[in-house]
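Visitor: If you read the protein sequences in the order shown, they are chains A and B. Note that the numbering used here gives residue 308 to position 308 of the first sequence, counting from 1, and the numbers run on in steps of one. Just add 548 to the spot in the second sequence (first one is 1) and you have the numbering used here.
Nothing false has been slipped in among the hints.
Capping the alpha-carbon separation at 30 Å, the derived lysine-lysine pairs in DSS-like fashion look like this:
1. A:K72 x A:K12
2. A:K72 x B:K908
3. A:K154 x B:K729
4. A:K435 x A:K462
5. B:K840 x A:K72
I should point out that these hints are in silico values taken from the structure, not numbers from a laboratory.
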Amino acid sequence: MHDGPLIVQSDKTLLLEVDHANAPECRKAIAPFAELERSPEHVHTYRLTNLGLWNARAAGHDAEQVIDALLKYSRYAVPHSLLIDVAETMARFGRLRLDKHPTHGLVLSCTDRAVFEEVLRSKRVAGMLGDRIDPESVVVHPSQRGALKQALLKLGWPAEDFAGYVDGEAHEIDLVESGWQLRDYQSQAADAFWDGGSGVVVLPCGAGKTIVGAAAMARAQATTLILVTNTVSARQWRAELLKRTSLTEDEIGEYSGQVKQIRPVTIATYQVLTTRRAGAYAHLDVLDGHDWGLIIYDEVHLLPAPVFRFTADLQARRRLGLTATLVREDGREGDVFSLIGPKRFDAPWKDIEAQGWIAPADCVEVRVTLSEGERMTYATAEPDIRYRLAASSPEKTRVAEQLVAKHAGEPTLVIGQFIDQLDELGADLDAPVIKGETSIKERERLFEEFRSGQINLLVVSKVANFSIDLPEAAVAIQVSGSFGSRQEEAQRLGRLLRPKADGRTARFYALVARDTVDAEFAQNRQRFLAEQGYAYRIIDADDVASLD
Amino acid sequence: MSEPRSLADALRGWTNEQRLHLFEQRPDLIVPAPRNSAQLASRATTIASLMRALDLLTAWDLQLLKEIRVGTLSTPAEVTQHHGEHGRRSLDRLTSLALVWGGDSLRVVAPLRETDFKMAAAVDPVPPQLATSQIDPTLVARMGGGAAFDFVRRTEVLLDHWSTAPPGVLKAGGLGVRELKNAAALLEVNEHEAALIIEVAGEARLLDQAASRTIGTAWTPTEVFDSWVVQDLATRWEHLATAWLNSVRLVAALRTKDNSGKALNALDPGLSRQWLPAARRDVLTALAALPKTESLAAGTGPASLLSLLVWSAPRRPSSREALVVSVIEEAAALGVVAMGALTPFGRALLTGADVAQSVKPLMPALVEQVLIQADLTAVAPGPLTAEVGGRLGLIADVESRGAATVYRFTNDSIRRGLDAGWSADDVLSFLNTASASGVPQALEYMVTDLARRFGSVRVGPARCFVRTDDEGQLTQVLALPGLGLRRIAPTVAISELDISTVLTRIRAAGGAPAVEAMDGTLRVVRPDQVRARSKPRPPESRSHVRLIAQANAALEVIASGDRAERDRPLQASATSPADVLALLREAIDRRSSVWLGYLDPQGRAHERVVRPTEVAAGVLAAYDAEHGDTVEFAIHRIRGAVVVEA
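So here's chain B without its partners, still in its complex pose (with noise of 0.2 Å):
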């Protein structure tokens, strides 16, 4: 073969497999399609282009290709005289990727000559070897299905939780601090963990941001929920982990800093990372990598991991030990990851190929029985169906959760269940029904007698009531049309109409009705008064407070400004960054006063009268004896300053 002249000169001699397996690799190059070799190889020149495909060499590659770049080494024979077999591959990969070309002498595509890649002095042709240690992998797979099933237990009763009791959405977008405890309480793990169950809904759907009734908006469970929680305990898991494998959002960034300074709350929009998949992935795909009866070592594994991902792939983010540490993590919590090997699961996950069914076998069976004790609990021995789970939730407080549930039974708990419309019948038949010991006698006692006490006392709404000592009487009142009145006893009645309407059309009717006052007393009112009716104010005290509150802060605000306006020099006599700085500098050495005109973050225009103590790092430091305190300001947002002698 002749010795091509550039790069599409090599191109062009290409076989179509070897552009195909480019395209592959650079899938960058071919969106648009180029319309020939010279623009492919116009394309694959372009610093983003050649930057997306440094990212995919490991350590040796850029060491090799730093060789050829400097001219140690020009031709294939050379390479393969120094560094032998690895070296021939790795410069078979470089040319297939289109970084190198030549025939006899080897040349880097252009502008990568002037590119410098930091890189360790040294790096071995072989990838450095996994910490391992041998494992039971039947032992994984159980442990790995009881993170897993411990999951999607967690997710549904999180949103469950959050069904009736949603946590507001910050001003910022994320969770709130405090309701994130409150989550990690509920949920028994740590708050990492409990984010890590939210942001693994968000990302699966099953919760989003909805208008709330009480206070804005709140983070509330979807309609997604609510077809994923019926379905069986691997499909839902399915859905769990794959939102998890693609998700963008680093929750090992929670409660760091954004630029701003701002600390990252779970759900905050700042956690996402567009490269975390791909960086998720190599670290999945590196422990794919071991045979099914190793894993990682316990002390030594995750640190050869990280070693093992820094040659592999340098300038990719998932050699970050961080990053390695917090995937393998949120892959254990997953069940994805267990004792520090692959699941069967895990491995499913990864290629995407019956996942639902490899997880299937190692989830609890689901269970519609429960068995019902004297102590007035009820133990559900595996996850209980959604069915009799909603009901008995209905009726039971939960008092320990886990594979298994403990149900215990109370005064409150079965009133809970009369107030949502259910009979003493229904609770005892759907009892029995769903225990597999039968009904305590005590408990059964327990349901009747509150059923008994249930609504012997009422309470209900009415806007005002007629009663008469006359039973009669009364019945001639019922009888009057428009008064929209219920009779609750043989002598009272209430309506919901406005006692000036019941009253004009009682008396309308020929009836000479008395107005009775809240304490029982009679009032006499004038047929023809009117009367709004008063609503409630604040106290008068507090409001008070808050005026001279007020007046004060505008009271500051006026004099400062005044005395500004009073102390404002005819014109700023430094107004360049330049002579602003020797003005402050020489005011620092005189300690004298220095009226300052200057815009603040937002862009709005202030004055101030301060005297200058030190200039530094482009702020200045000055004290302010009108509020007694010292400020800062940033140099570039002075505007002018003068002199005042104080």
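If we strip away everything but chain A, and leave its shape as in the complex, we get (with noise of 0.2 Å):
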């Protein structure tokens, strides 16, 4: 028998057993092509997916490749029907490919007969496509390029496309690298990305997308929009350019709910491009009248849907994608990969290692016992309630006070969802509140102080916790709040809660009412920190006292 780190199943889970001894040399083969799921302690789950195998061969491996990996690395036989199907998967990838035509424009074409009868045939595609030119190809109305790939990828037939772009209304835009050096894979990442016309960049979390972002731009020369989830990150972006770009203050422009610039280099929130008016994304319209020469878009995963549909009349410009997953919790992954394009760059696994599996914060559910009449209270309450009731119980504030009190002096965060509690909290531990309503520019400077040291204690509510960057904090008590989309609040997690330069691991409280809704949703919780890695534990807030 054969003594493979990789057990491949029937069902297109790929299991890797992190402790063999060729499992990073497995890793590495397997990565381009599989999907990371899981990654708890001992067992990674990997899983084969159409996007992923497409993925792979747009970046340049073929169905061999990866039939060798999994033949090489497989401690069992590979079940045969999923070889097989491994392969006709692969090879559907490019069969349809979309040129520019010196006289037809836009053409769609395909050498093989059946498949492009098949396509032509497909509701899915009525309205895209004009005349028939010749048996292999077809006119396709310019502006349905978008909209024929995204229809192409669910019949399953998606198309290459090298009808190319246009360049944009040209920028000057230089590096500057002083003090500071383009990391090697930063430039493989921004060269891959320009080689490939348009793509995703998937990189960690810490590694660096906003400088892999400032090299494209510097490669496209062109006036850019960068697309930020929010105000405070797009205020992170303009920092970064500033300080890394020939930029000036005066060719960066802000698109926010707050500022409505437009500058060569003009950075836009989701939120604000997918605000209505009377109906309409008037935002949109807006932007979609530049002739930008790029298109930066970050946190791809989180891309919400109006955008997709700006994204798809704008695909005669090259668009760059950058995020640390590519899965969606909506599912979306296949307009992102027809839409933005395909992956063009990973991450070396060296990376991956330092930020994805090694435990990077030590997580304590601490469980909360309501008091008598709680329990009372909450029984008899209208389902829709509850949850509110059971996070906000006053017991949970008695236990932050302990754990705030017992890591005192460390910088510490507050997490919370209900403002009532938030600001009760507050009042008690004598500490700034955050909350939805706090201006940016108090945000910022209170930020600031904990970063500098100023103070050691914040109490946030969810909605300011978006994308803050802190790496600062030790300690972080979440007394409510369920995490939305788990898999992006672990990785914000993540980025919260660093290893410390003293080697001192980042603690993660979340407080949970027993026997409540309030459990069931942390059984989630613990689900996915867990698969992401992280070490957790359960206690009773009895014991926080004799907590290490």
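Reconstruct the complex from the two isolated chains, following the hints.
Guide: Here's what the structure looks like:
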């Protein structure tokens, strides 16, 4: 019997035993085509998906390499049907191609007539195609380039897009490498993107995605639209660009809820783009009117649906997606693939090792027992307010105070969902509270003070905690708030709570009311955090004092 | 040697060796043993026996037989002269099978002189070559081992599932379409492969019909399954593969229609074909002739195998294209064939020697320990022993199956273990022994926490209750004999006896109980009144609707019967089929209505008045004004017809 580190299951999951001597080598071999799904302590689960295989094809890997890797590392015989499936799936990519034709404009062509007929007859592509040029090609309405790619992906015949891009309005942008240098993998990522034309670069948090974006802009030498998740993140981009490139204050505009500037380089938030006025996305039209040479999507896995539609119309412009994960909670990975482009670059394994599966924080779930009175109130409450009752129990405030006292002197965040509860905690702990209504300016001031060590306790609402970079925090205490998008939250947690310079791991506490819906949510969180490789324990509130 | 005068005469001259060879090839000749050569010759020339003998011939043999029969070739010398060595060898074969006899002048046995065997015009004297490609035999063995393991595993998973949820047996004897779909989904295979697994389990006697508590007769694992499942993987595979090799079940015929037009389901008796085992062996034997480093070529291989079988056994079913393909597919599912070549244990299966031993080294080793992780999963990195697998399956749900199994612990799965009588300690100590990586703290907490809550609310059966405000009084009641009471709280007791019995007995003992209704109100009843327990009834509206429907149906039948009776002529004017046909044709021309007396397929007599519209292929199409639709009658079932002017 073969003694490989990998077990290939017939349901297309791959189980990798991480303690096996060949595990690192095997991981490297399967990473280009398999998606890492879970990475708990002993066995990591990867999954083979159509998109993953097509991404590998787009990156130049062929079915033979994939099959070889599976056969080489597999401990048991690989199910034959799975190998056939891999070969067939990979052969589907690129059978159809989009090209620019000197006289016909945009053209879809295919050398396999049977496939071509099947595709042309499908209802999904109705109205997107024009006249048939010859048996192997057909005219595509230029406005339908994005929609067609989406439709073809859904039909299972993803097209490769060779139709090229418009240059956009030229604008000089250079990297200013003073006191820092573009890391190897960052320049490889920018190159891979540029050679591929459009696509997604996957890098773990903290690997310098902004710099990859800046490098791409320097390659494009054109006006650029950068789409980011929120205002705080927009300001961070702006600061980074000023530091790393030749761009000046006047050349960078912010297009957000507060400011509406359009400059050669414009940073817009998803939120403002998706704001409707009289049923129309007014801001999308404004931005669409400009001749951008490059569009950068930050955190592609959070891209909202209206932005997809906007992107479908922008297929003639270069698009760069940046993200730490291709997995989307809404399952629209296919749209990212067809509208922004295939994965062009994945972080080298060493970096994932540093970020991904080595437990970055120690998670402790504290089970709080509700008082007799609270239990009665909870039991008789309407289902829709039960969660609130359980989550904002006064018992939690007591335990939170205990924990804050225990970690006195360490930079600590208290995170919660309910404003009343946060205000109460802020008052009891004598700490500033950041919530939705806190102004951007005030938030930035408090975060800055926290970073510099002037204050070491902040109470923040879930709203405020989005996309903040506070690597100094050593302790986070979550009193309430279920994890909306759990994978994303686990990632945020990773960003928030890095191993400290002195090698100490950060600590994350979640306070959970026993025997309530709060505990049910906690179970999901436990699952996802453990899947991300975090150490996870559960203790009773009474044992907090004896915790090390 | 003098020229024999008959086959019997020729047989008399045979050596014992020649005779033995004949009996080996045509065993039907010696059951029962023939008294003499005359009788042997007579038996050898019966049509039934001859047809069997012809099945043994290659296309080339048949060709030669034909040439001798029509007289193109009449002496051994001519055969050799025309066809050389191939001809001579083929002639030996025909003679040794007692199909051709004679010394210098060759004679075909009598009944074959009239038989005409259709065959292709020109036949090559040498068998066609198989299209092959080079292959690494260790890879073949490994792939086959994987398939063999998967087959055993899937059989176990399915039968294990059916142990608790057996599917019903259809009236026709098979397994329902939906049940097969469910099985395929459970096993992650297509329906044909699921049907193969089910059929092989049936042939291996692991699965049979049994009376079920809930759904009449059901397909249920047998006691053979219980002993099979604890054997090692190799022995289990041998059991299944042997059953498959000898199976008469043609899984490829699934969903095809039988003679009565009914689609055939899995486990349907109609799927049996007695010729199948021999045909399957033909295909596998042809593959076994390949060297170990060669396999059937991916594209052209099966077609070349078919040509070979058409040549070597043209009269046998193995030469059908669909069959060759399906045998190879089935063999691949079992691991007998992998990548177009026979696996080492596939060869062993054909010869029947050391089957388990040859498959054993290619099967994954059983594991006894799992890796439990903080995300509440457990991974068994190989097939688990039945002991550990069974117990883990009770307290965890399977998330992914294959050579490895991924289990997930949930509140529900742990509760299942507690329901089955395990304590938190039982669960944890089992996990501690079964885990190679310890038990994560979070899982330990979950088990203890669930056990704490388990059973804090209890539900149980009772037929009536007794309650008092005074604990002492209840103690007195409990002391009374014959009440079957059990105290469940200081002031409440329950009984398994009827309310009337309990009431009467407490009264008899001098108590003065009052009866409480379901809503808690007091009901004062006279002690001598009796009551029956009410049974639930179907709602009024539904039964009423059914009645109306039945009544309407009856009306229709009566009306149609009346009309036919009214129009019935005193005597049918046409009764013979020819007369009926003439009368119907005339009625079609004249567009007149006709009274028909006919028998239905079950032989019951009916009568009806219709307007004939067409007669074709022995079937009358006619319009029935009464029902407003077109009906068809088989002419031969019409016993009488009379024109009725409408």
